[in-house]
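2 protein chains.
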Amino acid sequence: MRFHKTLIPTLKEDPVDAQVVSHRLMLRAGLIRPLGSGIYTWLPLGLRVLRKVEAIVRQEMDNAGAQEVLMPAVQPAELWQESGRWDFYGKELLRFTDRHDRPCCFGPTHEEVISDLVRREIRSYRQVPANFYQIQTKFRDEIRPRFGIMRGREFLMKDAYSFDLDAEGLDASYQSMFAAYQRIFQRCGLAFRAVEADTGSIGGASSHEFHVLAESGEDVIISCDQCDYAANLEKAIAAEADAEAGEAAAPLEKVATPGQKSIEEVARFLQLPMDRLIKSLLVETPAGPILLLVRGDRSLNMIKAANALKLPQVTIPDADRAAYWAGVSMGSLGPVESRLPVVADHELRNLRNFVCGANEEGCHLRNVNWQRDLPVPQFADLRNVTAGEPCARCHSGRLQRHQGIEVGHVFKLGDKYSKAMNVKVLDSQGNEQILVMGCYGIGVSRIVAAAIEQNHDANGIRWPRSLAPFQVELILMNPRDSNEAATGEQLYQALQQAGVEVLLDDRDERAGVKFKDADLLGCPMRLLVGGRSFKEGMVELQSRAGDLSQRIPIQDALATLLPLVKGEGHG
Amino acid sequence: MRFHKTLIPTLKEDPVDAQVVSHRLMLRAGLIRPLGSGIYTWLPLGLRVLRKVEAIVRQEMDNAGAQEVLMPAVQPAELWQESGRWDFYGKELLRFTDRHDRPCCFGPTHEEVISDLVRREIRSYRQVPANFYQIQTKFRDEIRPRFGIMRGREFLMKDAYSFDLDAEGLDASYQSMFAAYQRIFQRCGLAFRAVEADTGSIGGASSHEFHVLAESGEDVIISCDQCDYAANLEKAIAAEADAEAGEAAAPLEKVATPGQKSIEEVARFLQLPMDRLIKSLLVETPAGPILLLVRGDRSLNMIKAANALKLPQVTIPDADRAAYWAGVSMGSLGPVESRLPVVADHELRNLRNFVCGANEEGCHLRNVNWQRDLPVPQFADLRNVTAGEPCARCHSGRLQRHQGIEVGHVFKLGDKYSKAMNVKVLDSQGNEQILVMGCYGIGVSRIVAAAIEQNHDANGIRWPRSLAPFQVELILMNPRDSNEAATGEQLYQALQQAGVEVLLDDRDERAGVKFKDADLLGCPMRLLVGGRSFKEGMVELQSRAGDLSQRIPIQDALATLLPLVKGEGHG
Chain A
1090 MRFHKTLIPT LKEDPVDAQV VSHRLMLRAG LIRPLGSGIY TWLPLGLRVL
1140 RKVEAIVRQE MDNAGAQEVL MPAVQPAELW QESGRWDFYG KELLRFTDRH
1190 DRPCCFGPTH EEVISDLVRR EIRSYRQVPA NFYQIQTKFR DEIRPRFGIM
1240 RGREFLMKDA YSFDLDAEGL DASYQSMFAA YQRIFQRCGL AFRAVEADTG
1290 SIGGASSHEF HVLAESGEDV IISCDQCDYA ANLEKAIAAE ADAEAGEAAA
1340 PLEKVATPGQ KSIEEVARFL QLPMDRLIKS LLVETPAGPI LLLVRGDRSL
1390 NMIKAANALK LPQVTIPDAD RAAYWAGVSM GSLGPVESRL PVVADHELRN
1440 LRNFVCGANE EGCHLRNVNW QRDLPVPQFA DLRNVTAGEP CARCHSGRLQ
1490 RHQGIEVGHV FKLGDKYSKA MNVKVLDSQG NEQILVMGCY GIGVSRIVAA
1540 AIEQNHDANG IRWPRSLAPF QVELILMNPR DSNEAATGEQ LYQALQQAGV
1590 EVLLDDRDER AGVKFKDADL LGCPMRLLVG GRSFKEGMVE LQSRAGDLSQ
1640 RIPIQDALAT LLPLVKGEGH G
Chain B
1090 MRFHKTLIPT LKEDPVDAQV VSHRLMLRAG LIRPLGSGIY TWLPLGLRVL
1140 RKVEAIVRQE MDNAGAQEVL MPAVQPAELW QESGRWDFYG KELLRFTDRH
1190 DRPCCFGPTH EEVISDLVRR EIRSYRQVPA NFYQIQTKFR DEIRPRFGIM
1240 RGREFLMKDA YSFDLDAEGL DASYQSMFAA YQRIFQRCGL AFRAVEADTG
1290 SIGGASSHEF HVLAESGEDV IISCDQCDYA ANLEKAIAAE ADAEAGEAAA
1340 PLEKVATPGQ KSIEEVARFL QLPMDRLIKS LLVETPAGPI LLLVRGDRSL
1390 NMIKAANALK LPQVTIPDAD RAAYWAGVSM GSLGPVESRL PVVADHELRN
1440 LRNFVCGANE EGCHLRNVNW QRDLPVPQFA DLRNVTAGEP CARCHSGRLQ
1490 RHQGIEVGHV FKLGDKYSKA MNVKVLDSQG NEQILVMGCY GIGVSRIVAA
1540 AIEQNHDANG IRWPRSLAPF QVELILMNPR DSNEAATGEQ LYQALQQAGV
1590 EVLLDDRDER AGVKFKDADL LGCPMRLLVG GRSFKEGMVE LQSRAGDLSQ
1640 RIPIQDALAT LLPLVKGEGH G
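Heads up: the sequence lines are chains A and B, in that order. As numbered in our numbering, residues 1090 to 1660 make up the first sequence, in order. As numbered in our numbering, residues 1090 to 1660 make up the second sequence, in order.
Heads up, a few of these hints could be off.
No copy labels: a pair is met if it fits in one copy or bridges any two.
[Claimed, not checked] Below are the DSS-like pairs computed for lysine-lysine, each with C-alpha atoms no more than 30 Å apart in a straight line:
| # | residue 1 | residue 2 |
| --- | --- | --- |
| 1 | K1605 | K1513 |
| 2 | K1508 | K1180 |
| 3 | K1508 | K1094 |
| 4 | K1513 | K1101 |
| 5 | K1605 | K1624 |
| 6 | K1180 | K1399 |
| 7 | K1624 | K1655 |
| 8 | K1094 | K1513 |
Just so you know, these hints were derived from the structure itself, not from any lab. Quick caveat, the model's predicted, so the values are computed rather than measured.
Could you build the full structure based on these sequences and the hints that come with them?
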């Protein structure tokens, strides 16, 4: 491709409002341009990268035996009503009515559509296992789109749905997809980690997320430093501490804690470590307000809370509303003699002589003990684990925290959708049997951003070889010099004939501008034609990684370069 | 691909409600399944065909120097307000608001989005000409979706937009696209015709449509049987008849025509040929009711009428409304002493002593003449031409009518959008200059249906070689026979290694079922393994076209088949 005939609008300066490096570099390298909030146009170079990701995903899905289909973007509401998600799915579902006032949505996911297809077309156990995938534009109406395409509203996704006769079949399908995902992210040249995950609004029995490790990642993932345990923050657990030897119960006392509002303030005021206090948190649920308790040095995880309560979600009410329910301001709220239902984190089970709010303005209770002072509550996993806690799997390792960008997610859905939508076949005995499903997503466009988060330096992108828009950028230092231009053209043609993807920078610009842009665009290899080297019959070959820089005779350029760019590698 | 592991839900019977052959065959061959009105899922085989069309389109667009981009499906309303189309475009534009109540639409076309991109990113005359294209899912909320994907609501389209400095540049871009389109449709193996076309709601100066000729086509196209004149019905003109020698004006008379309502009835009643009568047609426009006149044997073309009146559209009012405006029922309406503005078809200019309604119930006027009996009206092109009329270009040929399926459309938009949206660059003198645009569409998914309309027989599809989902269907007549199965497997592997796309029908079905399905699916070549031939060490090679059927020794199968399937051909 010739640079001067291609729209590659590079920017010298970092755009304002682009908070993460991939967003900045995608704008600066002219890969994308915004059209509206969370909506982007892919320009020629960006689209080339996107298509490379797409091709890798397609190949591995095909190799894993999945069948490619293409389902509609616009979906009728009836199917979502049938599955129960029309009401359950929030405002991220872009809903509208067509000209005949039929309610529809722009599909953010396709469980309903594929279930409808399968129940119509698959009748016999002989037709399963079956796994259908598509690579398609999806829309999720994020309340706060951010980080460019990383959390955009319109995005390219690969979604796959497996159908099996039983749980063993689903296990096999799930493992097959899990393995395909590992190959996909490996081929994309990404450092990634598969972690146990919460199943969230999609529902189902178990799931794993695939995270690209990057500081800008919005997700926290937890892993053990000794065994292979890894989970996202919503799912991660630590080993429970052993029950303590049993400190004797001290007498309950009420203490004035005037003006001490936060848990840190109260701990300091009472000269106690934070882990002797409990945090009482009032949350709002469809079932009314509930009081949740975690240890003073811990933080509540809202998704764990929702799962523990078996509710779609829990929210923090505003202060007025909370005070109305609690009868006291939040700083003095506590479980003793509370009218609210109480659920406590597992970790509090063995806590003795603890401190909590007294449900009286400016007062706390100390030496509180279960059973003696208040009923033993329901215990559940409510809190975020923290770095350094012992691993619940191996008990010898310690947990670590990383930031991750979620690029893939595999779910065992079980019969959640197939039961609601009556997706069944006749088994070998002629009996009707509900199929069990898995679903498997990859954020195709998000991978492009994640790859940049992992592969860049101060000067620009450093594409993994398998995703680079071009393997080679061929820079004509002075296209007005007819000898240079002729040599450049010959090399350009020769490389293309050899099957190498080349970007020929033939712009009428200063060489310095071209070098800077080449750093920004990040093609793995660079071939410079011009300057003193050219007069000496040489061209310069450089790698974007910086580990290669050599002068080679012009006639040897092709032979030297080809082995370096051929084959798919990681960079 | 193995048939038994692929969802290819063939149907023995024609589905009800599928009116055209492509719709019936796409359903029967298991290429698509409906999800809702005008919305389809592409199943594995259908998607393979769609991707082939897409690949041909992409290659030819790239070869023509167009740059591929990918614009968003969801577009903000502001851009459409800026171009003026938000109000103008009818209910086919699927509009909605997002969660923040911002008005948006599901893009049916992308003139606004690309204009916005270009005005931001292209500043200099050096950056043009530029031509951007995308292959993308579009949505048009058709009031009456029909004929399967032929006139669906969600469809795959290639749209391209060229930007040039001046009219000469646009001419060159337009010609380049015109030539690319010809190559595309040729490579798809289609019999097609490029015709002059009305520019419709997209606007602009001139345009051509590309039609696949097929009886089921919804469009009428007109061509000359001697020269290369061809146009769609909205645009086609015939040579005007020479002014007649001049029949003397006869005295005007009013005649009673009781109960004669249609033009046919009046002509018969008065014993006059239909071409001596004029039809008076009342139409409703944003500028009020207007009386349009065409010769008694002609029909009014509403799009021509709208163009003549320079209005976005004209409509036929209901009978009550029409009678209120006209003061008389439609059968007796006429232009003499009418209060309504009158526009007459060109053909009426030289008509003398004609008959028209008398604006009095049950009465007509005969021997009416312009100027003497009523003012000479504005004349314009209002009527549909008919087969057999003389060609306006060569004057020696006769016009023919064909049915066509529109698969492509190229427009010279001129500055319609670039002016409204201020798309300008600095020219070589440093002056601002508005760019001129062209736009170029291809109905990628519609081509699949059009190809079937042209390539089928009573038993099923007969794919052009370039679009076939597989070049070869390899039929195992009895997969339970281990010798047959082993030979089939060897051939399957060998063909795939030779780069041939093969569908292996390895289903546990009767051979007759497989033959019928093979006819239905329409792969160009078929290789049968089994039966008596197999016992004699032979396989049978057949073409779907029926022009080839031979027995060949198993060991020669590959060598015989390869030359027949290699290379892209038309069938």
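### Message
Check the structure against each numbered hint from earlier and tell me which ones fail, lowest number first.
### Response
none
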